[in-house]
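A.B. asks: Modelling step: build the complete structure from the supplied sequences, incorporating the hints.
Residue numbers (my numbering), protein chains in the order written: chain A, 1 to 160; chain B, 1 to 160.
Where hints are given, some of them may not hold.
Said to hold, decoys possible - Covered stretches of chain B, as calculated for chain A (at least 3 residues, CB under 8 Å):
| hint | stretch |
| --- | --- |
| 1 | 4-14 |
| 2 | 143-154 |
Unchecked claim - Quick partial rundown of chain A residues pointing at chain B, CB under 10 Å, derived from the structure:
| hint | residue |
| --- | --- |
| 3 | 4 |
| 4 | 9 |
| 5 | 11 |
| 6 | 59 |
| 7 | 65 |
| 8 | 83 |
Stated by the list, open to error - Chain B regions said to be covered by chain A (calculated; three or more residues, Cβ under 8 Å):
| hint | stretch |
| --- | --- |
| 9 | 20-33 |
| 10 | 83-91 |
| 11 | 116-129 |
Everything labelled a hint here was simulated from the structure, so no lab data went into it.
Even glycine gets a Cβ: it sits at the ideal position worked out from N, Cα and C.
There are 2 protein chains.
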Amino acid sequence: MFKTLSCPRCGHGISLFANPTPTVDVVVYLPWRGVLLVERGNEPFGYALPGGFVDEGETAESAAVREASEETGLEVVLTGILGVYSRPDRDPRRHTMSVVYTALPMTQDEPRAGDDAARAAYHPLDRLPRPIVFDHEEILRDFADSLARANRYVSKALKG
Amino acid sequence: MFKTLSCPRCGHGISLFANPTPTVDVVVYLPWRGVLLVERGNEPFGYALPGGFVDEGETAESAAVREASEETGLEVVLTGILGVYSRPDRDPRRHTMSVVYTALPMTQDEPRAGDDAARAAYHPLDRLPRPIVFDHEEILRDFADSLARANRYVSKALKG
Chain A
1 MFKTLSCPRC GHGISLFANP TPTVDVVVYL PWRGVLLVER GNEPFGYALP GGFVDEGETA
61 ESAAVREASE ETGLEVVLTG ILGVYSRPDR DPRRHTMSVV YTALPMTQDE PRAGDDAARA
121 AYHPLDRLPR PIVFDHEEIL RDFADSLARA NRYVSKALKG
Chain B
1 MFKTLSCPRC GHGISLFANP TPTVDVVVYL PWRGVLLVER GNEPFGYALP GGFVDEGETA
61 ESAAVREASE ETGLEVVLTG ILGVYSRPDR DPRRHTMSVV YTALPMTQDE PRAGDDAARA
121 AYHPLDRLPR PIVFDHEEIL RDFADSLARA NRYVSKALKG
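C.D. replies: Following this line, the structure appears as structure tokens:
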């Protein structure tokens, strides 16, 4: 599949392969604090998982650790892949394909917003702020489901 | 991160965001047949997992099912994500980021090579053909390790 780009000087049409743009998002969760979200400083406004574009020459894992650090000030250790989210309408700006990692913070430090995040904080899974942008509400539901599934046969009800 | 493209008509330099290109690969495995590999009809020559580029407007899951079908003639059902592989040097042609799905064939039909695959066949995991291109040897090792780990406490030795 191709897309056409116009040369800004001469207007010539240039054909390029059209692919989704690869991104990463990170679910950082501590049971007694909740999940780490950023409040976006740019459109679309609202709450989102820390994340961003994978740069050429960079691994997806490096991008995930870098974006978490840039947006929340926290160093994280990746613990797995929750899923890959690539619905063409998941981001209103363009088609992105996001690898969503689960991670733990390296310390109990308070998050500190940076880059294009206006705020960064932990939020209990059962009291999430709104609106949550992109498809991050679906991702957070999948994460909560995976926690619930893993704890299905624990007699005490799961909280937080 | 940016890359510069030259307009083929006027030579004007056009700055574009530089990201890896998203791809998918599929590990189709049946214990009594082995893993489904294609013999590539184009460079780099050798054996590879079925897979290819994710098109704009297409989900990663759709791309995985489509590529498996185009290259091997088999309809598959996805069973999970083995991992995401994005080392910048994994493909000699350009930086790609591949979501590797595990899958099962919908039928026991023989594979039939198509698209840029010269041949398609199942190969026992312990008698893989060579050379295996890209980082698909590493992916197949990770897959074999995941099988071995899942069967670690089975007293009978795992074969195939």
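A.B. asks: Now, for every hint given, state plainly whether the structure supports it.
C.D. replies: Hint check:
no. : hint    : verdict
1   : 4-14    : holds (count 7)
2   : 143-154 : violated (count 0)
3   : 4       : 12 Å, violated
4   : 9       : 4 Å, holds
5   : 11      : 9 Å, holds
6   : 59      : 5 Å, holds
7   : 65      : 13 Å, violated
8   : 83      : 7 Å, holds
9   : 20-33   : holds (count 3)
10  : 83-91   : holds (count 5)
11  : 116-129 : violated (count 0)
This entry does not satisfy hints 2, 3, 7, 11, going by the numbered hints stated previously.
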